[in-house]
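Visitor: Chains as they are written, first to last, in the working numbering: chain V, 2 to 367; chain Z, 2 to 367; chain E, 2 to 367; chain H, 2 to 367.
A couple of the hints might just be wrong.
The list treats identical chains as one, so a pair stands whether inside a single copy or across any two.
[To be verified] No more than 20 Å apart at the CA atoms, straight line, and that leaves these computed lysine-lysine pairs for PhoX-like:
1) 266 / 198
2) 360 / 9
3) 313 / 63
4) 164 / 360
5) 63 / 44
6) 313 / 360
7) 144 / 44
8) 312 / 360
9) 266 / 9
10) 100 / 76
11) 9 / 44
12) 164 / 9
13) 360 / 44
14) 144 / 100
15) 63 / 198
16) 44 / 313
17) 76 / 144
18) 144 / 9
None of these hints come from the bench; they were simulated from the model.
Number of protein chains: 4
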Amino acid sequence: MSGNTFGKLFQITTFGESHGDGVGVVIDGCPAGLEITREEIQKELDRRRPGTSHLTTPRQEKDQVEILSGIFEGKTMGTPIALLIRNQDQIPAVYEPIKDLYRPGHADATYDAKYGMRDWRGGGRASARETIGRVAAGAIAKKLLAHSGVQITGYVTQIGTVKITRVDESTITTNLLNCPDATVLDAMIQEIETARKDLDSVGGIVEIIARGVPAGLGEPVFDKLSADLAHGIMSIPAVKGFEIGDGFASSSRHGSENNDEWTLKTLHGNNGNNTHIGTTTNHAGGIIGGISNGEDIILRFALKPTSSIAKKQQTVDRNGTSAEIEVHGRHDPCVAPRAVPIGEAMVALVLADHYLRNKISRIENI
Amino acid sequence: MSGNTFGKLFQITTFGESHGDGVGVVIDGCPAGLEITREEIQKELDRRRPGTSHLTTPRQEKDQVEILSGIFEGKTMGTPIALLIRNQDQIPAVYEPIKDLYRPGHADATYDAKYGMRDWRGGGRASARETIGRVAAGAIAKKLLAHSGVQITGYVTQIGTVKITRVDESTITTNLLNCPDATVLDAMIQEIETARKDLDSVGGIVEIIARGVPAGLGEPVFDKLSADLAHGIMSIPAVKGFEIGDGFASSSRHGSENNDEWTLKTLHGNNGNNTHIGTTTNHAGGIIGGISNGEDIILRFALKPTSSIAKKQQTVDRNGTSAEIEVHGRHDPCVAPRAVPIGEAMVALVLADHYLRNKISRIENI
Amino acid sequence: MSGNTFGKLFQITTFGESHGDGVGVVIDGCPAGLEITREEIQKELDRRRPGTSHLTTPRQEKDQVEILSGIFEGKTMGTPIALLIRNQDQIPAVYEPIKDLYRPGHADATYDAKYGMRDWRGGGRASARETIGRVAAGAIAKKLLAHSGVQITGYVTQIGTVKITRVDESTITTNLLNCPDATVLDAMIQEIETARKDLDSVGGIVEIIARGVPAGLGEPVFDKLSADLAHGIMSIPAVKGFEIGDGFASSSRHGSENNDEWTLKTLHGNNGNNTHIGTTTNHAGGIIGGISNGEDIILRFALKPTSSIAKKQQTVDRNGTSAEIEVHGRHDPCVAPRAVPIGEAMVALVLADHYLRNKISRIENI
Amino acid sequence: MSGNTFGKLFQITTFGESHGDGVGVVIDGCPAGLEITREEIQKELDRRRPGTSHLTTPRQEKDQVEILSGIFEGKTMGTPIALLIRNQDQIPAVYEPIKDLYRPGHADATYDAKYGMRDWRGGGRASARETIGRVAAGAIAKKLLAHSGVQITGYVTQIGTVKITRVDESTITTNLLNCPDATVLDAMIQEIETARKDLDSVGGIVEIIARGVPAGLGEPVFDKLSADLAHGIMSIPAVKGFEIGDGFASSSRHGSENNDEWTLKTLHGNNGNNTHIGTTTNHAGGIIGGISNGEDIILRFALKPTSSIAKKQQTVDRNGTSAEIEVHGRHDPCVAPRAVPIGEAMVALVLADHYLRNKISRIENI
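Produce the complete structure using the sequences and hints provided.
Guide: Shown next as structure tokens:
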């Protein structure tokens, strides 16, 4: 009810403030018998750590996940899986001078408006550290989905004004930006470096593809798969826009251009050929009427530039008194690269939830 | 759980197929004592009726709402409000020839994939008639919000490739398109007429503004106000994209351009001057960290072109056999104008829900 | 949130006041493909009608159910099933003289305390007519359960001070009281008749047995099968107590008497013998640790005497002024017999819900 | 959905197995600004610890609660409150010999039926250690309720066949049994000691009273206050029966005996006299039509004798092979005394939830 829980059957609840004792998540509704190791969860957490990638940093010391419950002898038990990641190296003192100032773009003023108080140390609950719990839970959701052949891949498509011109997925993990286009990588890095030198920040766009999603996932009215994906993605800090398939581009088209025609497709597998109904194009991004159609699910989301900038800005304090502010600290000048594993996690959580929901849609299956 | 319910405290459940006995909604969680008349609900329904507007059609004969429960002597009682709108003039026979064909862009194939069956008469549950219940419930949500000074306004900003150049709200209700810019109205009408003559359809974009929303609405993590708005809006049929405030445009900007600086604002009212903290710009669209900041909430959504077109398309039937299809019937060549009251309804439902949720956020208020 | 919805996967929402336009229910989450007819639903409604039983009244004219949605060509579609029962023969005028008086045992004062108002016509939402929706939904839940071999039977075990001495299930449907013991039937009838002549009423106890429930239903912590059954049963008007298995009697026993020892049981079926693990006794009533163990589920609930009595009682009006009241009308002097189909419906709803919930408890099943 | 969450607005999720790393709870929905200390939570935990009472054991070393999040500078922040209690002194080896045996009265067989596996170390998730999270959360619920003048008191009314003859609340905390009647205390102790010497166990009954509950709490249909209390109480391990007010006793009465007549009551307070509508008797236990009426809420629940007994019992192993079993370990021969703080916690959680739910029942209050 207070919005710290996500999902209906595969359900997660995150907790924790950035400068409290730790952050974590309770995953409830994961079926019993799923094999999962601490290392599989840790690997995803390492992907979202500041200033690192899973290629470049062989040994991680920080943000170590502890499994408190729900896993026994390497398998989920059907009971709640509680994961805890202790906070370390907090330096709350750096926030003390600005604890009464409202940082532009930050939730300081809105938390005060809602709760009459807030933990001013480093963003508190509004810190992006909250997403650690999402990524940890997403690792388990991904494992559940992999069990059914679903694979999720994300990458940046735009940093500031630099856009990718192609998608080569083998490139994504070779660079710190999760960029799939080696030809624009330098320009993207330049875009970020320039912002940093200007004591400024820059926005970006991320795209996620889910392959192998069976047809039939999604509920047809309010919990359309596209609507639940939008909910999950828009709940990531700094996200300001979402689109599925061709998204906004489809609004300037004609129906005859935009409709995906149905066709019979043949899969050549080990057990001979297998046919299924699919579409010849995929403007819809794999979802028709809120339900997956078996094609790739493709979505995109827009991230605003990081709110914390060292440049001088005008603001007020909590009493309304005018002030100037410069926000110093270890902030990424562009959050898009680190939003990739977070976006993947949210997509995995939505798909895992709907995967379970779909299991009870027909009397003949139960 | 099956996604026919929306909202957590102000909660609605819609029911009904387009060619069954009727469509309707049960609204649960509306506080007792709210004054509401059948006419106030009917007025909103009239705005979404095909081929009409509330200005041009003084007397409505169809889609009449019946109040089954929950309202007594002109006031809500705190008990469930059930509203029923009977279906009329259904001609299921026109759908019989294509009942086994999968219409491109329609949910026929995905319903079959999910349920193993579907009501093929006119789209069944996937019909836009389902939104009647949303609009009826939205009328009550609007009344609850008006009680607190919140006003919601929607209009089209784009039809096909024609975009508005200004917003004059007094213009919206003077035309059938809910267009706020008289200077582009003819071009928009032309865009639709051309599509219709080509047996085709065209997409569009709608913008909604909510004014007077108090600061503090929205839950800070998964149920960010922006995330719940995205959920509600993306659940409207044919919607493929959503953005809040500057949305996708903000991703190519620098933080120093995009941050909204805080300032002290003065309201000149009957009871003297009143100051509150606000922002000098509104790139964020009224929501920071998932919580409203007191500024106008502004959002936009993209509608794909109508899937039903009379132009010949390739498809398959439910057995996978190739076929050609022409979808005839009384379909709008552009759904954007009629999506305006539906979008307003979803925004009203989300805000009413969060308005109630925010009432219990602080111990000092309860 | 306002408590008009019950169940998590097989979910119902009831609506309606006793003297409004009608009462009804929306069932959401019933899997697609379940065969169900209007007559099967009507048959259960006829069992709860005042002054009748399904044996003695071959043709029912009142409380006719109308299927508004969700069923097509004799099968559920996976979409919400809305059922409406119009109110008839209301005589609100009889309630006008006592509309400001608080009837002892009735919810008049508590509705006023909660909502500041109430529909005073015949109990409004607090009327037992609300249970019509439960019984209608229960008919569908029973059909779903029958599909899996579950059968539910209820009967009275006590009326006032008269208790049954045996259970002969063939007797239940031969009398208006749903009494399974022909030897005490006359005494029970006498108990009721005496109360009626004294302008008074009398309480009773009902027992429900569910047979064929597979082992594994129920969630182990808060949603224990026993806890959800208690929730459902205690939500029936006039119910003041609940017990599962031996219930209160077990609290004065020793563990060695009360524990049910596990044993291997053999079923002799058409396909040869089949063994499964069960218990030699059933003090637990078929539920261990909140989860069904494959034995019969047995529960009992206590009903207070009908609050509406024609005998003179002291009370106050809504302003606190002392008054005398005699509540006239067509009230049953004992509600236990009619509580039997309502209790069965609630048990069916809980079991259907947990039947679906259990389908996704293990990775190997999904 | 998997039943590890309880409550709708004041909502808790417990996690943990008895021999895993720890047990805990996440409390979501507690309003911001409530003052609460670690010691207040610890004090309630100490009351449920084995073999202790809060009077006799001034210093507690075990089951120490750690606050992970949600509390800052001594106040709740409106964010999730995560509490962790590490497991200590586990001796899983003692369970190894019986890990494949099904203990009579225990959930071993039913967990296997549901999940196909279980943590056999000491009961795993089915252990009463799970209730630690409930008691910790209940401490916060009690604090919220105290803020509104609600006080909750529990005590045993029966151990085996020994029943109390009076209630002297000052006696409760003077003995290890939470017994309110000094005249039967020795007989109760004797009842337990006899069971222990016989390698057996014994059941009991607990009563809880909530005073100062305002009229208006409870939702009138499925979430009646009595139904939610039944749900909460029946979810406590070993509980087999529940009653509110006079409960089962009311079913043998006449309406004229059982109805509570309404009257005007006068409270003499510091600020002069204050009148309100109440009842002259309280057979209903403070709840009419599912809604509190301002009188004391009184409920009772039955606990079966402890399932773990050292006496020899017949059983089977998970393959169905017959076996004998003696369950040794540090089990209480009667769980009723320790069920008192757990029962109080569940009552506090239900009342806190409905306290918040009732805040939004009327338009004039919001």
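Visitor: Each hint needs a verdict: does it hold in this structure or not?
Guide: Quick rundown of the hints versus the structure:
1. 266 / 198: neither (52 Å within a copy, 33 Å between copies)
2. 360 / 9: Intra 13 Å, inter 15 Å, cutoff 20 Å: intra and inter.
3. 313 / 63: So residue 313 and residue 63 fail the 20 Å test inside a copy (32 Å) and across (52 Å) alike.
4. 164 / 360: Close neither inside one copy (40 Å) nor across copies (44 Å); limit 20 Å.
5. 63 / 44: within (12 Å within a copy, 34 Å between copies)
6. 313 / 360: Classified as neither; 54 Å inside a copy, 36 Å across copies.
7. 144 / 44: The answer is within: 12 Å in one copy meets 20 Å, while 41 Å across copies does not.
8. 312 / 360: neither (52 Å within a copy, 37 Å between copies)
9. 266 / 9: neither (33 Å within a copy, 38 Å between copies)
10. 100 / 76: Answer is between; shortest inter-copy Cα gap is 17 Å, intra-copy 44 Å.
11. 9 / 44: Answer is neither; intra-copy 26 Å and inter-copy 34 Å both fail.
12. 164 / 9: Classified as neither: same-chain Cα gap 36 Å, cross-chain 39 Å, threshold 20 Å.
13. 360 / 44: Intra 29 Å, inter 31 Å, cutoff 20 Å: neither.
14. 144 / 100: neither (41 Å within a copy, 29 Å between copies)
15. 63 / 198: neither (27 Å within a copy, 53 Å between copies)
16. 44 / 313: Neither: 38 Å inside a chain and 49 Å across chains, both beyond 20 Å.
17. 76 / 144: So residue 76 and residue 144 pass the 20 Å test inside one copy only (12 Å; across, 36 Å).
18. 144 / 9: Only inside one copy: residue 144 and residue 9 sit 18 Å apart there, 25 Å across copies, limit 20 Å.
In terms of the numbered hints stated before, the structure departs from hints 1, 3, 4, 6, 8, 9, 11, 12, 13, 14, 15 and 16, listed from lowest to highest.
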